[in-house]
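**Student:** One letter stands for each residue in the lines below.
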Amino acid sequence: MTKSSERVRQILSWYGSDNPGVLNNLARMLNHGTLGGTGKMVILPVDQGFEHGPARSFAPNAPAYDPDYHFQLAIDAGCNAYAAPLGFLEAGAFKFAGQVPTILKLNNSDTLAKMEPCSALTGSVKDALRLGCAAIGFTIYPGSSARNTMYEELRALIEEAKSYGLPTVVWSYPRGSGLAKEGEQAIDVTAYAAQIACQLGAHVVKVKPPKDVVYQEEAKKTFEKYAIPTKTLPERIKHVVQSCFGGKRVVIFSGGEAKGTDAVLEEVRELAAGGAFGSIMGRNAFQRPKAEAIKLLGDIMQIYKNAG
Amino acid sequence: MTKSSERVRQILSWYGSDNPGVLNNLARMLNHGTLGGTGKMVILPVDQGFEHGPARSFAPNAPAYDPDYHFQLAIDAGCNAYAAPLGFLEAGAFKFAGQVPTILKLNNSDTLAKMEPCSALTGSVKDALRLGCAAIGFTIYPGSSARNTMYEELRALIEEAKSYGLPTVVWSYPRGSGLAKEGEQAIDVTAYAAQIACQLGAHVVKVKPPKDVVYQEEAKKTFEKYAIPTKTLPERIKHVVQSCFGGKRVVIFSGGEAKGTDAVLEEVRELAAGGAFGSIMGRNAFQRPKAEAIKLLGDIMQIYKNAG
Amino acid sequence: MTKSSERVRQILSWYGSDNPGVLNNLARMLNHGTLGGTGKMVILPVDQGFEHGPARSFAPNAPAYDPDYHFQLAIDAGCNAYAAPLGFLEAGAFKFAGQVPTILKLNNSDTLAKMEPCSALTGSVKDALRLGCAAIGFTIYPGSSARNTMYEELRALIEEAKSYGLPTVVWSYPRGSGLAKEGEQAIDVTAYAAQIACQLGAHVVKVKPPKDVVYQEEAKKTFEKYAIPTKTLPERIKHVVQSCFGGKRVVIFSGGEAKGTDAVLEEVRELAAGGAFGSIMGRNAFQRPKAEAIKLLGDIMQIYKNAG
Amino acid sequence: MTKSSERVRQILSWYGSDNPGVLNNLARMLNHGTLGGTGKMVILPVDQGFEHGPARSFAPNAPAYDPDYHFQLAIDAGCNAYAAPLGFLEAGAFKFAGQVPTILKLNNSDTLAKMEPCSALTGSVKDALRLGCAAIGFTIYPGSSARNTMYEELRALIEEAKSYGLPTVVWSYPRGSGLAKEGEQAIDVTAYAAQIACQLGAHVVKVKPPKDVVYQEEAKKTFEKYAIPTKTLPERIKHVVQSCFGGKRVVIFSGGEAKGTDAVLEEVRELAAGGAFGSIMGRNAFQRPKAEAIKLLGDIMQIYKNAG
Amino acid sequence: MTKSSERVRQILSWYGSDNPGVLNNLARMLNHGTLGGTGKMVILPVDQGFEHGPARSFAPNAPAYDPDYHFQLAIDAGCNAYAAPLGFLEAGAFKFAGQVPTILKLNNSDTLAKMEPCSALTGSVKDALRLGCAAIGFTIYPGSSARNTMYEELRALIEEAKSYGLPTVVWSYPRGSGLAKEGEQAIDVTAYAAQIACQLGAHVVKVKPPKDVVYQEEAKKTFEKYAIPTKTLPERIKHVVQSCFGGKRVVIFSGGEAKGTDAVLEEVRELAAGGAFGSIMGRNAFQRPKAEAIKLLGDIMQIYKNAG
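Chains as they are written, first to last, in numbering that gives the first Met the number 0: chain A, 0 to 307; chain B, 0 to 307; chain C, 0 to 307; chain D, 0 to 307; chain E, 0 to 307.
Check each hint, because a few of them may be wrong.
Where chains are identical, the list cannot tell them apart; a pair therefore holds if satisfied intra-copy or between any two copies.
What the hints assert, rightly or not - Taking lysine-lysine and the DSSO-like style, the derived pairs with C-alpha atoms no more than 30 Å apart in a straight line are: (1) LYS289 <-> LYS207; (2) LYS304 <-> LYS247; (3) LYS113 <-> LYS94; (4) LYS289 <-> LYS224.
Just so you know, the hints here were simulated from the structure itself, not pulled from any lab data.
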């Protein structure tokens, strides 16, 4: 809490309609860890055990089967926060109390069922308070025909969370019967998904780095007419940031599938160049041996620091 | 309550975010019966009357039509706990108060209806308190398109049960339109189902002993790349135990269909060798004549004791 | 839970209108510790820090300032249960979960204020569940003009506690503007106070050993007319036990002020001879050095065992 | 949140029955500011505007009429936390969000009315959450005949606050018709008042430094018999700390009336020597010119640091 | 509402912890009428029918018996708001909807009963919403032994009102058994009463113009030591304004008993010179013939405008 800075205060000023409790918890995350006070964030998310299954998630680095591992990784790497579903947070919240801000992911989805994308509620706002979390997290799938269920659940949860002083981090992943595979990471769709999250009241938005594809017919016309540049990743990131209320909502980007260190760092450099507020880095962190992961996360934080 | 041991205290320490009431009830089960204090558990479950019908369940051993029979069997055999739906527990809870910890199974399914797998709520947390239970039980069917209904019911019940100091035992059975028959007991799917239960907040997880099949395409790649051994049952059990938070959640295994005594004992030996925390043994117990059942359960307990 | 016996089942049968949850928790206390299964109880109560102040309570044996001390003493001495106010129970409930049944004393009084005797509510039934207690405890002061406040609070708490499966232990201490000092431990008044507790729904009653005084004018006539013997302590205990529903409610007796070992044991011998169900022994236990206390409590238990 | 240490973790371990949310907020205070991580605390409390009136409180240092002043003072001086009634906290909570942990004092008393001491509820637990506080604060007056009202309000507030992950700081001031003036700061009464707060469930207790007087007749006998030393302030502090669960509850001491710098520092040296966990320093801080106050608070913190 | 100005925005900035709904309603009053946008307020309050009886209130100007009269007076005179109890507001709220901000006085006292001062709740927050009010009003009597009742009612009402976006105006009148008559308008007591209202969360405070008396012994010492000037009314007003959070809470002054026009204007000039935010002018307005009242209120507003 000691590193509050002009930049953090500026970011908080964008959320002026919220109560001081919400701002305080946003500040807890913005002021914690290596990037504390810079206005940038690197978050460790570990929901893959639920979303992809244990072996796919943790076999590459077997100590990661243990929930304590991720708390300690987030602490040792100096992350701003650690996000996970109920089970993983409960397993360590007591032992690691006060050592790293946590985000309780309130809905999750497995890959066993065949159904239109729609995560199940797997935690509550009261759970987040009980576990000492700094925020709740929630996934929406714009493009799913179950959209309304998710948007309406999110709306109610944000309202409840705010009343207790908790901000909300929204994972916005375009997916579902309304979108072909190539649309899911298209720049127009990604920016649209980010905007939807902001309009729903998200305090922090998380999307995937978009690709150089414009998917929607109507969007194509606009992108052409106004010559919105989308060729480079920094250009696309800039458009996503702008789409988040002209830069007045914190938007961070996922690291995606595990890849080589150079590839990760190069992508982060481009994210930072485009004005990203940070990264949420899961598999590329916890699937590496711990020392390597800490080195990588440190390098990523340095890139964001330099980009300040 | 007298047999608390180092091992039991170690197990309880994994649940540090829970209140002392939850720990106390976990301890009630872990400290009761023949295996009290060993950290191992053998539970008698009798939900087959509901799940399979009375004749299929009780005709092989007619005294088992009477609910008193099962209380007495669990007591005489020295089981850690006895689990059943509301009706069976209510029939004996008064008479046998204080003699064996009980688990109220809060949802159950019959085999008369044709529908996507989704059990009906048949009891409440308040019922469990009123009946003096040490835990609630709940079944989820990962793979069912009714997944969200079940996960969300479970989430709410766990939250309520915790508030009153009750832990939760989750039966996690992959089943439904998302899975072909051969997937239901595949090692990847079983480990995934166990992980889901843990992430949802289960204190004790119950799955079936997995078979040497890897079902999901993405999982196959991982099992091959990281050479996860699945050939023997102990190897597969080890993987399931690891998938339950690196061994920090209690996971026990069902005995499955009735079979010969030697087959049962051989399977238990392999479960124990793989690091299972115990067995939940229904049909193989109550469908045998009582003396035989007590002998079998005693032999099973001895195997777990030796494996300590 | 393993020592349930004919005698325990007989005692439980007196509480047939209660649900199995209440019986189960009564059984938890009756079946625990050295006296488990005998139908007798020795309980360690430590509310003196609140009621008399810390120095008066703990200076005689300084380790007793630490709340852990009392949990460990109750465990090591093999007591049936340990009773204390919220603060003391919270301090150890997590660490000692599952090792000894606990009773949360829900009201307490200090000796700083000048007021008609009426304890303050200092805990809730929900607290008792959260802390894994086997019962709630409550003090009433028959003789106080604030009687109705206490009786009505107790009534509501018993109703609530029962609904969650918790029994109630009532400390019944005649005191207040309606009684002169010599009336407080008179045999007629003590028996009356015990009867009131039973009528209010107490499952276990705790009174002080009565003296050979009959205090109330109307009572004197009866005691004389029917020649109720009150000369010896066993005679008086017998009358109190009889006054507790003809012996069908568990009534136990306090040890009172600290005194010599021989005096304590002699008194317990008389209590046991009179048919007492047991003792609740605070200052005479925790104000002695630990080894001495364990020896004394062991000797007391042996007396009750022999009296069985 | 970055300075968590072995000592902080040890302190948190004393509160094992609480949920991780409560521990997290305790850690927020213990890890913040100059003393962060030492296990010692210096808190700035400013409730004197309500308790004594504005001129008496703020005329000595006129900038202190402005609520912003106190937030900034607590931040600049590196205090662990800032405590105040609703109005003062609301006036700055938004502007200073995330810069210093705050404690909302939920009851307050003015000196205009003539009545048995009993503060009015002036805020709620929900207010504390809305304002982003790390704890609630509450004053009890042991010795008042309105004791039960206050204890019962506190009991309910602690239960509610815990459920949302908030710890409770209790100001325990013996006062009222049960005590003569000389009893209010007597060593026996102060230790008793501290014990009561702990038994009621306080996480942090605040009392006045006791004087060398033993007030209660019964206590006198004990202090003499067991030769409890009370001549020096460190000896008396040691007794108070011991009376707070053998040192397992955080107890801090008020600075009292404004006095000279040397007198303040000398007293703090004695508090520290006696094992105090810290000071709560109001008038002696905010009634000095700001630079002088920061210097004084810094010197105080240094004393506690050295005493570690 | 169109006249929002730098000054209004500055005033709103002092209430940063409140939600935009509360700010919006504060702005409705600050931006309305002749003084709209100046940061000054003149409010018409008509609770005298309830507080003093109808004849004493309305006989001097008979049209004032009609509730419509007061709405129209407030509108025609260009007041910032009109405050009254439920009955008077209900009588005109429909007819005059949208023409002047209204304040529902939620508690009122008559002069028929003899009791320690404590107003009765005579309306609800829901009533205020239903009637389209811009704020709720509430009277407290510091000095009354019924203080806690009033403070606690106010606390709860403010919390409820805020949640619906309504600010609170507090009438703070020292009165009751704790104060002699001469204390009620003493400068120290008035400033204290204003401070209490602010600490309780009032957005706007209303007190009587204080007299040159210092009433409390302890306060006398402070006023002398720090040479707080109290001789002239502007000096005293300055002290009250400062006592309202260093000038960061809106404090307005009552006109008091009916008096001559020159006396009224002279007093207002002194209020304005001392930094008052405005006047709340009842009897001196509605007990005059309407034209005269409008002229007087206009002159008052001009004085505040010039003082800007």
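**Student:** Does each hint fit the structure? Answer for all of them.
**Tutor:** Evaluated hints:
Taking the closest pair of Cα atoms, LYS289 and LYS207 come within 30 Å of each other only inside a single copy of the chain (24 Å); across copies the shortest separation is 33 Å, beyond that limit. When the C-alpha separation of LYS304 and LYS247 is checked against a cutoff of 30 Å, the pair qualifies only within one copy, where the shortest distance is 19 Å, while the shortest distance between copies is 37 Å. In this homomeric assembly, LYS113 and LYS94 never come within 30 Å of each other (Cα to Cα): the closest approach is 37 Å inside a single copy and 44 Å across copies. Taking identical chains as interchangeable, the C-alpha atoms of LYS289 and LYS224 lie at most 30 Å apart only when they sit on different chains, with a minimum of 20 Å there against 48 Å within one chain.
The structure is inconsistent with hint 3 alone, although it conforms to all the rest.
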